[in-house]
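Here is what each chain is made of, one letter per residue.
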Amino acid sequence: MFGKCLENVRANVPLVHNITNYVTVNDVANVILASGGSPIMSDEPEDVEDITSICGGLNINIGTLNKRTINGMFRAGRKASELNHPILLDPVGAGASALRTETAVQLMKEVNFTVIRGNISEIKTLVLGAGTTKGVDADVADAVTEANLDEAVAFVKSFAKVTNCIIAVTGAIDLVSDSEKCYVIRNGRPEMGKITGTGCQLSGMMTGYIVANPDNKLEAAAASVVVMGLAGEIGWSRMQEGDGNSTYRNRIIDVVYNMDAETLEKGAKYEIK
Amino acid sequence: MFGKCLENVRANVPLVHNITNYVTVNDVANVILASGGSPIMSDEPEDVEDITSICGGLNINIGTLNKRTINGMFRAGRKASELNHPILLDPVGAGASALRTETAVQLMKEVNFTVIRGNISEIKTLVLGAGTTKGVDADVADAVTEANLDEAVAFVKSFAKVTNCIIAVTGAIDLVSDSEKCYVIRNGRPEMGKITGTGCQLSGMMTGYIVANPDNKLEAAAASVVVMGLAGEIGWSRMQEGDGNSTYRNRIIDVVYNMDAETLEKGAKYEIK
Amino acid sequence: MFGKCLENVRANVPLVHNITNYVTVNDVANVILASGGSPIMSDEPEDVEDITSICGGLNINIGTLNKRTINGMFRAGRKASELNHPILLDPVGAGASALRTETAVQLMKEVNFTVIRGNISEIKTLVLGAGTTKGVDADVADAVTEANLDEAVAFVKSFAKVTNCIIAVTGAIDLVSDSEKCYVIRNGRPEMGKITGTGCQLSGMMTGYIVANPDNKLEAAAASVVVMGLAGEIGWSRMQEGDGNSTYRNRIIDVVYNMDAETLEKGAKYEIK
Numbered sequence: 001m002f003g004k005c006l007e008n009v010r011a012n013v014p015l016v017h018n019i020t021n022y023v024t025v026n027d028v029a030n031v032i033l034a035s036g037g038s039p040i041m042s043d044e045p046e047d048v049e050d051i052t053s054i055c056g057g058l059n060i061n062i063g064t065l066n067k068r069t070i071n072g073m074f075r076a077g078r079k080a081s082e083l084n085h086p087i088l089l090d091p092v093g094a095g096a097s098a099l100r101t102e103t104a105v106q107l108m109k110e111v112n113f114t115v116i117r118g119n120i121s122e123i124k125t126l127v128l129g130a131g132t133t134k135g136v137d138a139d140v141a142d143a144v145t146e147a148n149l150d151e152a153v154a155f156v157k158s159f160a161k162v163t164n165c166i167i168a169v170t171g172a173i174d175l176v177s178d179s180e181k182c183y184v185i186r187n188g189r190p191e192m193g194k195i196t197g198t199g200c201q202l203s204g205m206m207t208g209y210i211v212a213n214p215d216n217k218l219e220a221a222a223a224s225v226v227v228m229g230l231a232g233e234i235g236w237s238r239m240q241e242g243d244g245n246s247t248y249r250n251r252i253i254d255v256v257y258n259m260d261a262e263t264l265e266k267g268a269k270y271e272i273k
Numbered sequence: 001m002f003g004k005c006l007e008n009v010r011a012n013v014p015l016v017h018n019i020t021n022y023v024t025v026n027d028v029a030n031v032i033l034a035s036g037g038s039p040i041m042s043d044e045p046e047d048v049e050d051i052t053s054i055c056g057g058l059n060i061n062i063g064t065l066n067k068r069t070i071n072g073m074f075r076a077g078r079k080a081s082e083l084n085h086p087i088l089l090d091p092v093g094a095g096a097s098a099l100r101t102e103t104a105v106q107l108m109k110e111v112n113f114t115v116i117r118g119n120i121s122e123i124k125t126l127v128l129g130a131g132t133t134k135g136v137d138a139d140v141a142d143a144v145t146e147a148n149l150d151e152a153v154a155f156v157k158s159f160a161k162v163t164n165c166i167i168a169v170t171g172a173i174d175l176v177s178d179s180e181k182c183y184v185i186r187n188g189r190p191e192m193g194k195i196t197g198t199g200c201q202l203s204g205m206m207t208g209y210i211v212a213n214p215d216n217k218l219e220a221a222a223a224s225v226v227v228m229g230l231a232g233e234i235g236w237s238r239m240q241e242g243d244g245n246s247t248y249r250n251r252i253i254d255v256v257y258n259m260d261a262e263t264l265e266k267g268a269k270y271e272i273k
Numbered sequence: 001m002f003g004k005c006l007e008n009v010r011a012n013v014p015l016v017h018n019i020t021n022y023v024t025v026n027d028v029a030n031v032i033l034a035s036g037g038s039p040i041m042s043d044e045p046e047d048v049e050d051i052t053s054i055c056g057g058l059n060i061n062i063g064t065l066n067k068r069t070i071n072g073m074f075r076a077g078r079k080a081s082e083l084n085h086p087i088l089l090d091p092v093g094a095g096a097s098a099l100r101t102e103t104a105v106q107l108m109k110e111v112n113f114t115v116i117r118g119n120i121s122e123i124k125t126l127v128l129g130a131g132t133t134k135g136v137d138a139d140v141a142d143a144v145t146e147a148n149l150d151e152a153v154a155f156v157k158s159f160a161k162v163t164n165c166i167i168a169v170t171g172a173i174d175l176v177s178d179s180e181k182c183y184v185i186r187n188g189r190p191e192m193g194k195i196t197g198t199g200c201q202l203s204g205m206m207t208g209y210i211v212a213n214p215d216n217k218l219e220a221a222a223a224s225v226v227v228m229g230l231a232g233e234i235g236w237s238r239m240q241e242g243d244g245n246s247t248y249r250n251r252i253i254d255v256v257y258n259m260d261a262e263t264l265e266k267g268a269k270y271e272i273k
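Residue numbers (our numbering), protein chains in the order written: chain A, 1 to 273; chain B, 1 to 273; chain C, 1 to 273.
Treat the hints with caution; some may be incorrect.
Because identical chains share one entry, a pair is satisfied inside a single copy or across any pair of copies.
[What the hints assert, rightly or not] List of simulated lysine-lysine pairs, DSS-like, C-alpha gap at most 30 Å:
{"id": "1", "residue 1": "Lys269", "residue 2": "Lys194"}
{"id": "2", "residue 1": "Lys161", "residue 2": "Lys194"}
{"id": "3", "residue 1": "Lys269", "residue 2": "Lys217"}
{"id": "4", "residue 1": "Lys79", "residue 2": "Lys194"}
{"id": "5", "residue 1": "Lys67", "residue 2": "Lys109"}
{"id": "6", "residue 1": "Lys273", "residue 2": "Lys79"}
{"id": "7", "residue 1": "Lys79", "residue 2": "Lys67"}
Treat the hints as calculated values from the structure; they're not laboratory data.
Construct all of the structure, not just a fragment, from the sequences and the given hints.
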């Protein structure tokens, strides 16, 4: 299934409109290309509706948001909603500032997101910000671990249900759920945290995966998480004496570029809960 | 001739003012440095006139334009025109949105461009947008191929004449013309399309080549196209098992860094029509 | 001492708020991660106060300043001043435009900088712009050399005294002074100038070093200069046939990632004047 998702990306070359931060944008573009998609970046309010209309999906990442680009996010998001395009929200830094939290929460109200991908703290912030009970959140420790896994799965399923989105929480253990099913994924390496933007890269790639797999969105989202984690593992195995996080960044994108269905299927480490 | 153009860049260290997109800007800066030039980036309307005044040339790339930076493009462009600096337009995404098309067309009216470099679809958009007959455009298929080469050459020469600019259309076959002569260049590799921004990089480097070769602008523009294409070929030959588009990006810039006149002359694959 | 500074960064994981240019921002983030810190980027005026409040220090780099981000610089700078956070100013291009010079000078008036890091021309511009006598400046040649070293040291000490900041002037010879002591550092390689942003990277890393070493700010600043220079030396020693500035960029960050106290102490080339 994951292999088929990958092949659909390579066959369909999904065009992904990205409104994303200027820190990791180049890597986002290159990883989308590596995966088989095609990236376009545009954040000017007067430009985004035209651009999103010619794309297959929209990736909104609030990493270096400003008032102008926030306006662009809303205009692009509403247009993409009208067009029934898959739309991803990456709420970078939600919880770290009022503006980020409020922007993410308001976007969730006005835009018809298909998937929200973030770390557990960002997702918890959205749950609180969205006005659901604090209890759901308070029961989930900040990191998803084997010890609190069942709680975390229940939390993610619950938020997926409330929002009617696929929720992807990434970290040492990744959870991807549509409220019914939850993929629990154990690919990846801790050293990926020493590279800026592996999460942003995943969001861009995930958008392309969903665009190219409209009938299997949950599986497509999970497949992209496995691709990224597996790329981290294979990329790490290719590291040589003296290599560090900059070379690791290149190697991960290189592995995504060379990934095939068989490698993906064999390397995937997951269960469904 | 191409070798001499390269050596003039290394000898003169042209200072290039870039108003360019935030997706590929780092690679643009590094490839200008690799080629022997020196990059400066500035897009604030209140800053650009001072900056462009101390530079030798201006590279305007509309890849992630916004209303503020558009204003910067016009102010920088008018100032550089006054100073008779070489000015390049890279109309990224012209045709993909009204704002991009209108901005590019309006810039062509108010700024004295020396060269316009884009892919065939972008250039076709400018031809239509500029109000020339649709016939010229309709006769040119989207991709320049051996089959439609003569038509494409005629199209490029015609647009060069109308605009009084050097026109550089890059793709599988690259065309660089000043209306009289057209360089038909067959360097490069298709895998370059899997890296974001090789076109943007070329625009930055081309600006430096033209600044450093004021008496041979056409040859200088063509030389930079050959440098980029040849770097793609040599860089690809250095790829190892498991390498992908991220490493390829680095290798291409590395080859530009190490390029010398002899390698350039020997590797150039072109004819003049 | 330098080794201890490095270890404190790795132990304390300083969170650094960066308002920096979009050209080199990705490398700044990755080098901060490589050194053991944690970067956050935010430049929106409505966002920066919240973000800087959760950080340990602030890095202000005016490389691609615009009116909105200038406003962000002031708001973040005043907030960080209130919180007594270490704050670094990197006056990129001061002297190249009125806006840059005025912004840097005004920031120095309103923000309580801990350290100012730039090249000699930028620092000279600040001295003039700040209204100190031209004589101090006129006596210092643009490049710090062995021939004018004593004058340069006196100049840097004097400016450190006037501003009550640590002044770090980087170039072929680096000077880091708090008015009493001046570290004269001879690490580094000239080829580092062929990579965009090694100065920006140093500013980001230096901010983290100072945050993690509050009782030894001068030594911490000097240590980060040595780390960067030594990374340039070791990275260069790892270059292979055909490598160029793009690979060199990766290698330098990789070396910072792998740097340990012993390597740092052994490789440091400095004297105190």
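Discussion item. Treating 30 Å as the Cα threshold, decide for lysine 161 and lysine 194: within, between, both or neither.
Written reply: neither (33 Å within a copy, 38 Å between copies)
Worksheet item: With identical chains treated as interchangeable, where does the CA-CA distance between lysine 269 and lysine 217 reach 30 Å or less: within a copy, between copies, both, or neither?
Response: This pair counts as within: shortest intra-copy Cα distance 19 Å, inter-copy 46 Å.
Item to complete: Evaluate lysine 67 and lysine 109 at a C-alpha cut-off of 30 Å and name the case that applies: within, between, both or neither.
Response: both (18 Å within a copy, 27 Å between copies)
Practice prompt. Pop the pair lysine 269 and lysine 194 into one bin, within, between, both or neither, using alpha-carbon distances up to 30 Å.
Written response: Result: close both inside a copy and across copies, 22 Å intra and 28 Å inter.
Practice prompt. Up to 30 Å between alpha-carbons, please classify lysine 273 paired with lysine 79: within, between, both or neither.
Written response: Close neither inside one copy (35 Å) nor across copies (46 Å); limit 30 Å.
Practice prompt. Give the relationship of lysine 79 and lysine 194 under a CA distance limit of 30 Å: within one copy only, between copies only, both, or neither.
Written response: Between. Shortest inter-copy distance 28 Å satisfies the 30 Å Cα cut-off; intra-copy 36 Å does not.
Discussion item. One pair to classify: lysine 79 and lysine 67, alpha carbons no more than 30 Å apart. Within, between, both, or neither?
Written reply: The answer is both: 18 Å in one copy and 20 Å across copies each meet 30 Å.
Checked against the numbered hints above, the structure breaks hints 2 and 6 and satisfies the rest.
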